[in-house]
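Peer 1: Start from the sequences and build out the full structure, keeping to the hints where you can.
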Amino acid sequence: MKNFKEKSERGESGFLNRNCWLVKNLNSAPYRRCKYCDFKFRNCLFLHYQIISLGIIILFLVLIFLIEGRVSTLVIISIFAQVIIYGYFFNQSTEKIIKANFDQRKAKLALEELTEKLEERVDKQTKVIQKKADHLEKLLKMRSEFLDVASHQLRTPTSVIKGTLAMMKDGDIKNLPPEEQTKFVENMFLKAVKLENIINDILVASEIDTADFSISLNDKIELDKLVEKIVDEHQFDAKTKKLKLSFKKLAGEALKIKGNIKYLEQAITIFIDNALKYTFKGEVKVTIEKKDNNAIIKVVDTGIGIPKPDLSRIFHKFIRAKNATKTYTDGSGLGLFIVKEVMDQHPNSKVWVESEENKGSIFNLQLPLEK
Amino acid sequence: MPKAKILFIEDDPDQIYLYETKFRLEGYNLISAVNGTEGLKIAEIEKPELILLDIRLFDEDGIIVLKKLKKNVKTNNIPVIVFTNFDKEETVKQALKLGALDYVIKSKVVPSDIVNKVREVLKKV
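In the order they appear, the protein sequences are chains A and B. The number in our numbering is simply the position in the first sequence, starting from 1, with 1445 added. The number in our numbering is simply the position in the second sequence, starting from 1, with 115 added.
Worth flagging that the hints you see were computed from the coordinates, not collected in a lab. In this text, a Cβ means the ideal position worked out from N, Cα and C, and glycines have one as well. Mixed in with the good hints there might be a few duds.
[As the list claims (entries may be wrong)] Subject to a maximum C-alpha distance of 25 angstroms in a straight line, what follows is the list of computed BS3-like cross-link-like pairs (lysine-lysine):
# : chain 1 : residue 1 : chain 2 : residue 2
1 : A       : LYS1586   : B       : LYS208
2 : A       : LYS1639   : B       : LYS223
3 : B       : LYS203    : A       : LYS1767
4 : A       : LYS1614   : B       : LYS232
5 : A       : LYS1795   : A       : LYS1753
6 : B       : LYS232    : B       : LYS162
[What the hints assert, rightly or not] Quick partial rundown of chain A residues pointing at chain B, CB under 7 angstroms, derived from the structure:
#  : residue
7  : ARG1600
8  : SER1604
9  : VAL1605
10 : ALA1611
11 : MET1612
Peer 2: Following this line, the structure appears as structure tokens:
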């Protein structure tokens, strides 16, 4: 590398010094070049005039010699001839220097251009790689967050079940008054249900996460019947929380759709579960409406609502609204993600939410009616 | 001899019920706080002999609660055992560095284990 640098500084011929005044002058831009000798115009004229004027002097001296026949004239002629010959050679070598210099400049420019292009490409590639690295880092972070959250949520019910069973084994519980014993059994049962729900969420979410996730959409579903069944199953939970849970179906018309009954049932269940979980007073209303050729299922609650900044992210995996995390620590952050993915699998269907913090939320599912 | 008072800062009512019963049966007085703010207040007023602290709380991270407990001159002498299901190496290190006596994962022990642990700590104190 050092060798190359030295060489390029000295020029191709090896003797050219960059700092030489002649080369500096020759290289100073802007300039014109003589079309015959490729010299810079100023130097070219100088050399050409010099040679021409010396030539004229020699001719003049030859004439004097021919007329007067003096030997000293011959000597002067030979001196001038020598000057011309030197001038010519000087011209030639300078030409070489300039050419070498010109080539070197050209090569340098080409090299600079190439370097610039390479830098551009490297920059572009670096950006792509950085983007991928950021994405991977984000995925890894999400994965580790998921593991932290999932393990905590799986352990919480497990620890209550295990703790209660250990106390039973130690004979602690049989000595308690009957109502306390019942409470222990109830707690254990509720934790087992919670554990089952979390496991289900995790299983479904991992199923959805596989690249070739697709569901069959061949079930013929009577929406009213399906929603009514799910609402009925939640009446006990609503009563426990002293909430009114109602279902209003469309009068006089059975709404039929085609889709996957298992996943749609899960999606509606998640909506109603959430509404009951995040509502502390008031009611949860489930309705079915018909609009154009679509059925719209609405789950309306008077709960804590969703803060504005969280609204757009609420259907993302592991994302829970800030006030939801504070209200209910055991959520997996997977429920609404599952709903969104299930609806994405149903053609011409959609899911959306309208909500105001501290006032309540309306979760909507829209599905095309079967003709 | 009066019953030793233990403060359990925990947001899950089922856990509170379980450990309240167990500690009562073992001769302790377990009082509880359902969030960090309440926990800090009760710790200051009630001056418990020991605090069992959860990490994932409604309002605050348990680590912040631990920091505040250790900063406050009225509570910084109370031994704290972190008692949680949140198992993250970084959090464990942080808690121990902040002065927690131990970091116990609930699902890995049974109630009698934590009672024994508390008994051991109180004996040393």
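Peer 1: Please list, smallest to largest, the hint numbers that this structure does not respect.
Peer 2: none
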